[in-house]
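These protein sequence lines map, in sequence, to chains Z, U and B. Heads up, the first sequence is in my numbering, so the first residue is 19 and it goes up one at a time. Heads up, the second sequence is in my numbering, so the first residue is 19 and it goes up one at a time. Heads up, the third sequence is in my numbering, so the first residue is 19 and it goes up one at a time.
Source of the hints: derived by calculation from the structure; they are not laboratory data. Heads up, some of the hints might be wrong.
To spell it out: a stretch of chain B is covered by chain U in this simulated footprint if at least three of its residues, at any positions, have a beta carbon under 8 Å from a beta carbon of chain U; those stretches are [stated by the list, open to error]:
| id | region |
| --- | --- |
| 1 | 54-67 |
| 2 | 94-106 |
| 3 | 266-276 |
Computed from the model, here is a short list of chain Z residues facing chain B with C-beta under 7 Å [unchecked claim]:
| id | residue |
| --- | --- |
| 4 | F33 |
| 5 | Q42 |
| 6 | K44 |
| 7 | G45 |
| 8 | I46 |
| 9 | S49 |
| 10 | P52 |
| 11 | Q142 |
| 12 | V145 |
| 13 | T148 |
| 14 | P219 |
If the Cβ cut is set under 10 Å, some of the chain Z residues that face chain B in the computed set are [stated by the list, open to error]:
| id | residue |
| --- | --- |
| 15 | R152 |
| 16 | A156 |
| 17 | E179 |
| 18 | P182 |
| 19 | P184 |
| 20 | E185 |
Please read all numbers here as calculations on a predicted model, not as lab measurements. Beta carbons: idealized from backbone N, C-alpha and C, even for Gly.
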Amino acid sequence: MADTPRPIITLLTDFGVGSPYVAQMKGIILSLNPHAVLIDVTHAIAPQDIAAGAWALRDVAESFPLGSIHVAVVDPGVGSAREIIYAEIAGRHYIAPDNGLLSCLAARTSPSRIVALTEDRFWQPRVSATFHGRDIMAPVAARLSLGLDASQLGVPRQRLECLPEPEVRILPNKIEGQVRSIDSFGNLVTDITSEMLVEVPTDERAQIHCDEHQTQGIFRTYSDQPEMTLLALVGSSGFLELAIVGDSAAAMLGVRVGTPVKIQW
Amino acid sequence: MADTPRPIITLLTDFGVGSPYVAQMKGIILSLNPHAVLIDVTHAIAPQDIAAGAWALRDVAESFPLGSIHVAVVDPGVGSAREIIYAEIAGRHYIAPDNGLLSCLAARTSPSRIVALTEDRFWQPRVSATFHGRDIMAPVAARLSLGLDASQLGVPRQRLECLPEPEVRILPNKIEGQVRSIDSFGNLVTDITSEMLVEVPTDERAQIHCDEHQTQGIFRTYSDQPEMTLLALVGSSGFLELAIVGDSAAAMLGVRVGTPVKIQW
Amino acid sequence: MADTPRPIITLLTDFGVGSPYVAQMKGIILSLNPHAVLIDVTHAIAPQDIAAGAWALRDVAESFPLGSIHVAVVDPGVGSAREIIYAEIAGRHYIAPDNGLLSCLAARTSPSRIVALTEDRFWQPRVSATFHGRDIMAPVAARLSLGLDASQLGVPRQRLECLPEPEVRILPNKIEGQVRSIDSFGNLVTDITSEMLVEVPTDERAQIHCDEHQTQGIFRTYSDQPEMTLLALVGSSGFLELAIVGDSAAAMLGVRVGTPVKIQW
Numbered sequence: 019m020a021d022t023p024r025p026i027i028t029l030l031t032d033f034g035v036g037s038p039y040v041a042q043m044k045g046i047i048l049s050l051n052p053h054a055v056l057i058d059v060t061h062a063i064a065p066q067d068i069a070a071g072a073w074a075l076r077d078v079a080e081s082f083p084l085g086s087i088h089v090a091v092v093d094p095g096v097g098s099a100r101e102i103i104y105a106e107i108a109g110r111h112y113i114a115p116d117n118g119l120l121s122c123l124a125a126r127t128s129p130s131r132i133v134a135l136t137e138d139r140f141w142q143p144r145v146s147a148t149f150h151g152r153d154i155m156a157p158v159a160a161r162l163s164l165g166l167d168a169s170q171l172g173v174p175r176q177r178l179e180c181l182p183e184p185e186v187r188i189l190p191n192k193i194e195g196q197v198r199s200i201d202s203f204g205n206l207v208t209d210i211t212s213e214m215l216v217e218v219p220t221d222e223r224a225q226i227h228c229d230e231h232q233t234q235g236i237f238r239t240y241s242d243q244p245e246m247t248l249l250a251l252v253g254s255s256g257f258l259e260l261a262i263v264g265d266s267a268a269a270m271l272g273v274r275v276g277t278p279v280k281i282q283w
Numbered sequence: 019m020a021d022t023p024r025p026i027i028t029l030l031t032d033f034g035v036g037s038p039y040v041a042q043m044k045g046i047i048l049s050l051n052p053h054a055v056l057i058d059v060t061h062a063i064a065p066q067d068i069a070a071g072a073w074a075l076r077d078v079a080e081s082f083p084l085g086s087i088h089v090a091v092v093d094p095g096v097g098s099a100r101e102i103i104y105a106e107i108a109g110r111h112y113i114a115p116d117n118g119l120l121s122c123l124a125a126r127t128s129p130s131r132i133v134a135l136t137e138d139r140f141w142q143p144r145v146s147a148t149f150h151g152r153d154i155m156a157p158v159a160a161r162l163s164l165g166l167d168a169s170q171l172g173v174p175r176q177r178l179e180c181l182p183e184p185e186v187r188i189l190p191n192k193i194e195g196q197v198r199s200i201d202s203f204g205n206l207v208t209d210i211t212s213e214m215l216v217e218v219p220t221d222e223r224a225q226i227h228c229d230e231h232q233t234q235g236i237f238r239t240y241s242d243q244p245e246m247t248l249l250a251l252v253g254s255s256g257f258l259e260l261a262i263v264g265d266s267a268a269a270m271l272g273v274r275v276g277t278p279v280k281i282q283w
Numbered sequence: 019m020a021d022t023p024r025p026i027i028t029l030l031t032d033f034g035v036g037s038p039y040v041a042q043m044k045g046i047i048l049s050l051n052p053h054a055v056l057i058d059v060t061h062a063i064a065p066q067d068i069a070a071g072a073w074a075l076r077d078v079a080e081s082f083p084l085g086s087i088h089v090a091v092v093d094p095g096v097g098s099a100r101e102i103i104y105a106e107i108a109g110r111h112y113i114a115p116d117n118g119l120l121s122c123l124a125a126r127t128s129p130s131r132i133v134a135l136t137e138d139r140f141w142q143p144r145v146s147a148t149f150h151g152r153d154i155m156a157p158v159a160a161r162l163s164l165g166l167d168a169s170q171l172g173v174p175r176q177r178l179e180c181l182p183e184p185e186v187r188i189l190p191n192k193i194e195g196q197v198r199s200i201d202s203f204g205n206l207v208t209d210i211t212s213e214m215l216v217e218v219p220t221d222e223r224a225q226i227h228c229d230e231h232q233t234q235g236i237f238r239t240y241s242d243q244p245e246m247t248l249l250a251l252v253g254s255s256g257f258l259e260l261a262i263v264g265d266s267a268a269a270m271l272g273v274r275v276g277t278p279v280k281i282q283w
């Protein structure tokens, strides 16, 4: 990391927007490396929703430069036998509990290195049983940002814990996925990628079903349809998305994460 | 900007507090300029409420040093024919969709330069149709912060798109404005400026009406009246404000943005 | 502060998450010291809840390095006779209205210096009556971060304003405290410290009562009990905490700040 003049450390947690717990982590990091650049990814992950955290992290991580250090804390098992791990994935560094929080990332690109954090000399002198984000992950991130080699952090591991991934089924003239995330506009982001859509017509022959709701065609952007219309498009992260122009599709349709989405043509 | 050791880039969006979309913009900016200082103005603008964004931006922008770069993304027309523009106003740099988001600022001080962003070599290599904040505005802001001259960004423009501005009527012994913003304390900020109030008596001869509610006098600060009293004062941005001491005037009175406010004396 | 390459200034307010008022303070600080590192502690303190602000500040402040400057603005008396004070406590610098906001900190460690801010040459040229956070506290923090000696800020004071502190009663085989804070997970943080618990058995002989609810034993971490169980543990800040595993104790039990908590053994 010698070539990064100001090392970037990002934080993603389920601590809630405005929680002072985040600032405690930042204080620890800055105590060790006052030159770290601290960026909040989000702290609005629903409490203990590992799957939502994994999805958000996957979405954001690669917008950051190579060498960035991403710390993710959604940790219902804090203080239990679950390990805390370091992983290097696609040139970026991750520190998280080994509970599936990195599984969306690792499904896209295999980690080039995984280390279980066992070397407590890199941790805070006193480690609480309930806040390893502050007492283990924050100081380890700070030390990595100062140039510590990750191999020193502990014991190599071969694989990460993975969440059961809902499957996208690709059939002749049919794709079956699900809503994976709802963004702040109420848009329904599915797990159907633009690559899966290559052979799907974008005109009205494409029938998209979500719960009992239905729309035709895959558009380019929101303003391609009049207000209050349900439309489908490929969103900014490369996934099929359902939106109601000028309103919240999630609220209007009463749809939640996990709802099946089907394209037929 | 050679004299600014750490260039400041601020972000104002309607992405919602805690949205990871903001972090995506920050990642892109830091990838191009790791020395940029990133400051959140607010991400709590109601979805697609351009007028609220324009008001907030006007309120905050000039607290920042000359040379600061303000990026504002409230962009219901993303991907449509609306342009993205650069404007220099009062020594600060603005990047926003040309949809009225800069109109409150431009109404105060005429822009000294306006450029439509057309030079795509300064954008991300791949531009999505739905997230120009990340793919166009963020990289352009980063490049400006590195010293790129704004004239290179595209085509000069003569004027900015403007929102229809509600008018303040100044009559003999009467001023008629409206509530323009509700702050986080529930205070009702109007568009009546302290300059307009120069001839208004501050004692009980000044009758202030808001909807069916009424109060007398213009006070100096909240604690000049007892708890639970409706009072008027000139707020910290220089606008007449109605507040209920120790509570939320917006919630107590059921008042919204746009409600007429009248002063008579 | 000559040895701190990038001086840290933290901000704690009741302005609300997403309020642009925070950005106004940051703009003023960066105008004076572009090298300041700005960290948000929280802006989600309930409006004008000085006691909650004092508790959060106490909890977070000492995670930051020596020399950090903490600015706290929960200021219902803004513009009134209440003073704004600088205090040095345990090697960190504090700027706040003198209304009790520093009382939890000062109860732990006596301030080594207190100065009432009276020297208006260190303030903004124009000081509003309603936003001293921006017009007095922000510029003073910036100037301290540039090396200004705190003694120049105004008039020495002997003591800080203190909030009435609810008392923890320690009796033979009984401790009586109260819920002092509810965190973002809905955990109930009490004012009973780990030091007070030294003689309390951690097994089922320890009976903990909160309102009409009851649990036995003091555990190490959340995952020591099955989901949906009420459990007691010592939390990450060293206080007895009541939690419902995998859910919000505050919501499930309907408990608020101030509810008595009793341990008997």
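Results for each hint:
no., hint, result
1, 54-67, "holds (count 3)"
2, 94-106, "holds (count 5)"
3, 266-276, "violated (count 0)"
4, F33, "holds (5 Å)"
5, Q42, "holds (4 Å)"
6, K44, "holds (5 Å)"
7, G45, "holds (3 Å)"
8, I46, "holds (6 Å)"
9, S49, "holds (4 Å)"
10, P52, "holds (5 Å)"
11, Q142, "violated (10 Å)"
12, V145, "violated (10 Å)"
13, T148, "holds (5 Å)"
14, P219, "violated (42 Å)"
15, R152, "holds (7 Å)"
16, A156, "holds (9 Å)"
17, E179, "violated (15 Å)"
18, P182, "violated (18 Å)"
19, P184, "violated (22 Å)"
20, E185, "violated (27 Å)"
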